[in-house]
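Chains A and B, in that order, are what the protein sequence lines are.
If you number the first sequence the way UniProt numbering does, the last residue is 362 and the count never jumps.
If you number the second sequence the way UniProt numbering does, the last residue is 362 and the count never jumps.
In short, the hints are calculated from the structure, not lab data.
Treat the numbers as computed from the prediction; the structure is a model and nothing was measured.
Do not take every clue at face value.
Remember, identical chains collapse to one label, so a pair may be satisfied in a single copy or spanning two.
As the list claims (entries may be wrong) - No more than 25 Å apart at the CA atoms, straight line, and that leaves these computed lysine to any residue pairs for SDA-like: (1) Lys-185 to Pro-225; (2) Lys-247 to Ser-54; (3) Lys-185 to Phe-226; (4) Lys-185 to Pro-275; (5) Lys-185 to Ala-71; (6) Lys-185 to Arg-51; (7) Lys-247 to Glu-291; (8) Lys-247 to Leu-88; (9) Lys-247 to Glu-350; (10) Lys-185 to His-48; (11) Lys-185 to Arg-279; (12) Lys-185 to Arg-212.
2 protein chains.
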Amino acid sequence: MPSSPSADGLSAEEPEAPGTAAYRRAGVDVRRGYAAVERIRALAARTHDGRVLSGIGGFAALYRLPAGGEAEPVLVAAADGAGTKALLAARTGRHEGIGVDVVAMNVNDIVAQGGRPLFFLDYIAMGRIVPETVEALVRGMADGCREAGCALVGGETAEMPDVYAEGTYDVAGFAVGVLEDGVRKRRPVAAGDVLVGLPSTGIHANGFSLVRRILEAHRPNLEAPFEGGTLLEALLRPTAIYVPWLKEAGRDPAVKAMAHITGGGFYENVPRVLPPGLRAVVRFGTWPVPEVFHWLRAHPLPGSPPMAWPEMAGVFNIGLGMIVIVAPEGVDRVQAAIARAGGRAFVVGEVVSGERGVAFVP
Amino acid sequence: MPSSPSADGLSAEEPEAPGTAAYRRAGVDVRRGYAAVERIRALAARTHDGRVLSGIGGFAALYRLPAGGEAEPVLVAAADGAGTKALLAARTGRHEGIGVDVVAMNVNDIVAQGGRPLFFLDYIAMGRIVPETVEALVRGMADGCREAGCALVGGETAEMPDVYAEGTYDVAGFAVGVLEDGVRKRRPVAAGDVLVGLPSTGIHANGFSLVRRILEAHRPNLEAPFEGGTLLEALLRPTAIYVPWLKEAGRDPAVKAMAHITGGGFYENVPRVLPPGLRAVVRFGTWPVPEVFHWLRAHPLPGSPPMAWPEMAGVFNIGLGMIVIVAPEGVDRVQAAIARAGGRAFVVGEVVSGERGVAFVP
């Protein structure tokens, strides 16, 4: 069998080379790595097209960039993890969605910045490599990559005894895209621009340190029926991938900026795309707030009152995973393009003059 | 102050937005994140040239690809971490070298695959963000990036209470490069080709689960004098970055392949670049073995005999961090080019017919 680049930076050769036995004593069973690699390889291959090149070695992935309009194309790169959502997933054995989450966190950052995702690499670190868990995570990543139209080209699965407790893991990822033509010439955000919000699927992958404290304090039945599924399913619902929805809409000349609502909620993310002297006004009630946020509000930490919605919006997306800032004349067109792509978009507010920041109004 | 892309995916805006107080109760103090970001930003900026583009948002990094010979350039991407070396570094407060390690692990993979590193992103996960520790890690990364000639364009610093114990962390990174002209046309490795080895600085960043078990078993004085420094310094010496040494030599038409000696040592990494029916013969004694490997051999795990060198070579690099496979007629030229770049290279063996694998001979 010719040596082929492994999907995840590990080789399946030499299953019992000298040194392996000694190394296994130290807590790292290299053979568990091989089993995981075989599973990963097949899953990753499903995301590949002719741009993923094979070759000898496999120390790194090769990807042929599509020819674009520019002699010097601009690459867009993001790195992000799934946060402590992975802890809840690990504890309940629901790994696959975490794979989707880590792709979504990265490709949504790329699309917010005006890029089209091309490829993704993962980093999985575990106390002890459990091939079935790695496979579930990578299956989720492969699904996410297919949805985002990008290739899962490689990564690293690290067995780290003493860093991670058995059964826990951390997952991070890294995506590279290419800047869409024309994005560098976007017009600046101005007073009067419209905030178009894209619905989230739920909590996405931020705020889980608070979610887990709430769960510890209230100990709800995670298998209780909730919104047609269970509470656990609602809590862990994978992050929406906005790439297909924004494929056409994101190139509309009326689109001026996008904010991916992640850690720190609206207050951290919306002001990043506002010039000084401009303020985002978000009209509460203009979009559907997923039931899981009502549940979280109804279960405050002991001794605390229920969080007000503006406070919730500093931790959670409260139903809007992406804010697209659009010049007024393009709003109908952008909403129609998103609808054609199978998505939904709500007019949730506007940009006004004022101190840079976000205000929620009824 | 205009909103600028943050070096590490965090914003320094809105230090006490609604929600922050609640979130800090859950174990995540967003303000510690801000302090780290300010330090990171300045360090990262030192690695930037005109190809790192700034813009609104900062959800992802923008990098303008240099124009090359091809309309569709081939990107080379790698993901890797520092492994459990980070545990020893965290325990002893020597963080900076780990930043170098994580860059080195990735850029050496890129150069082994024939690429020239362009940019790097990091992922740091900690139980509690300690800005000084983040700063030390990122200072090391910035140093490593400068040595490798690439830009530190972004990353993620995640505070993950309950995943990482206080004082421990995990560090991973991602690098993207562009394939050097001509590399895709390299000739196949053949019997008679020469193994040219590049000296390692020490253990690099693989095998540390075993190293840590050895330290636990023998409890040596880590501050004891060792090779002009201390034992701890020898154990943690940062991974060599081979990019400058191979800048000219790697493009030599006599170079057929390179193997970066990482996890699994020689047996895992050298066969990756060997076609079936070819075997690497490594002549022990043709390169200097760093003192730290002699020390490790002399301190076996309790109940085990000292590891033989061929067994050591399945866990550690035992002095050679990169094997370059060179057609015989080009060996002098490749060695001279490495020497001109300030490096050293030893003829350490050859490729012979036989079962694919690695054999050590005296």
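Problem - Violated constraints from the hint list, given by number and in increasing order - result: Hint check: 1, 3, 7, 8, 12 fail, others pass.
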